[in-house]
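Asks: Turn these sequences into a full structure, and let the hints guide you.
2 protein chains.
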Amino acid sequence: MLGEFELISKYFSRPVRRAVLGGGDDCALLAPDPGMQLAVSTDMLVEGRHFLSTVAPDRLGHKALAVNLSDLAACGAEPLAFTLALALPRADGGFLSAFARGLYALAERAGIELVGGDTTAGPLTVSITAIGQVPAGQALLRSGARPGHDIWVSGQLGDARLALEVFRGRALLPGSAFDDVRRAMELPEPRLALGTALRGLATAAIDLSDGLAGDLGHVMRASGVGATIEVDRLPRSTVLGLQPADLQYECLLAGGDDYELLFTAPPSRRAAVEDAGRRAQVAVTRIGSVDDSDTLRFLGPDGRPLAHAFAGFDHFK
Amino acid sequence: MLGEFELISKYFSRPVRRAVLGGGDDCALLAPDPGMQLAVSTDMLVEGRHFLSTVAPDRLGHKALAVNLSDLAACGAEPLAFTLALALPRADGGFLSAFARGLYALAERAGIELVGGDTTAGPLTVSITAIGQVPAGQALLRSGARPGHDIWVSGQLGDARLALEVFRGRALLPGSAFDDVRRAMELPEPRLALGTALRGLATAAIDLSDGLAGDLGHVMRASGVGATIEVDRLPRSTVLGLQPADLQYECLLAGGDDYELLFTAPPSRRAAVEDAGRRAQVAVTRIGSVDDSDTLRFLGPDGRPLAHAFAGFDHFK
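Read top to bottom, the protein sequences are chains A and B. For the first sequence, the positions run 1 to 317 when the working numbering is used. For the second sequence, the positions run 1001 to 1317 when the working numbering is used.
Derived from the structure by calculation, the hints contain no laboratory data. For each residue, glycine too, the CB sits at the ideal point set by N, CA and C. It cannot be assumed that every hint is accurate.
[Said to hold, decoys possible] Per label pair, the in silico range of CB-to-CB distance:
{"no.": "1", "chain 1": "B", "residue 1": "S1009", "chain 2": "A", "residue 2": "P89", "range": "26 to 36 angstroms"}
{"no.": "2", "chain 1": "B", "residue 1": "P1089", "chain 2": "A", "residue 2": "A245", "range": "36 to 46 angstroms"}
{"no.": "3", "chain 1": "A", "residue 1": "G111", "chain 2": "B", "residue 2": "E1006", "range": "51 to 61 angstroms"}
Replies: Written out as structure tokens, the structure is:
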């Protein structure tokens, strides 16, 4: 059986290029570029809560890093370095090499380096802290939305939640459609290029991890504004668009695990936002607008508010 | 029952003073001082592995942060900010308020701020990433030990391991002696002031978390040197000094959880090292020397090598 230090040396010791010092000492050493502020984000994934035991280990490696990179994207930060704390029931070589493969594939694509961490025996848990940098004063925050601003989202919403409903037995999909929504759940793509392209353009931004209703609520509270969303405008896959209306709304509005960016911008900047989406090669869709109410309203296809309330995902409820 | 966001807002939302932005957005924002490099360390503590279910929650909050601060100390870094990822079986107010009390008490004393994190339901697991800063080029590394250098340790060794042996039923101590060694196990004091005082003085440093034999082995490999330790010189408490010799050696050499600094320095700097210890208000003891062998020898009271091999603590063995 592999020991702790062999495990690290075998699976998690690729050389660093940007960091001053990577793993193997008490701390990693980083030198951010002059004039940059650091953006720091931490997410912990627990088996049975954030991922199912059926997930392929390479996809788990991808997702554990992706959810942190999504937070950096929502701040407009450029990825720099990350640490990995991993608890494993046992040091299983097959699991570890696949997990490391998925983790490093995304890390290399995103230009972020693994600089340290901790491995231990325990219930399967992955905790990653990602560090990025952003020019001082240019980070995208949640607090800048103002009445009259447009509300935008990237990509498509709701497929990850639809996949969860299939696992729960509430929805049934043919094989290839299930593969697609499962991919959305297990291989989310952090919108890093869009995040940096929105610097100086978006007035507020957040990544959608707990569902649109809950996450937009965070922006509203931080900005002191209300919002109206036209649910017909919400971008969704063909597969989700074929589901019953109540399931569609639940997946779109209370889904969670989307890892798309929700952001606001003045209507005068619509062409610039669309251009940022093109440069980042991701669809951006205008879904509603900020107002001076203190409520979040969802307008249905008939232009009337939906009756149902949609709560964000809460890990303790 | 408390929800995830109420939980964070109730227990983990004290205002930040040094960070540009603390919790409550997608990322925290930090601005390190000009000319400083960042030192980053991550440790994960799992119930039953790194702490017993009998530990008081305030002590757990202290220890989870202390083990990370100890890594910053071993690099000579000054604490800046940390993130906390916490998995809890349930949102228990009594546990959380005591945990937060212990955590913040040490954080305030060490001048480090909680800037973000994640909470979730799951088996009790605490993962902290601590970020410090150190003047560029002045971090204490493991790789600078050279033949002829002295080997030093701070504080006293072995009490934490002795406490574990009492819990395991292998040793028996009267009440007040047990309280003392249990305190060493549950409330380790990170040697931050000593770490910064050793900048430019220590040639190599590491914190003792897996036992002296294993951790000194890391320094030897990183520096390409051997070492000889005189076990009689190892600083120990009166309680440990009254235990049978084999138990003493095991606690001193293979103990783990000491969180003292082991470091090397040229013999010409002995007075400066002792002065650094006085300024940091912690005992420093010379315990042996670096040599050009490729072995680690422990000399017994009779000046002859101990026969027994002492392995470091490995979480997968």
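Asks: Which earlier hints can't be squared with this structure?
Replies: Hint 3 is the one this structure does not satisfy, whereas the remaining hints hold.
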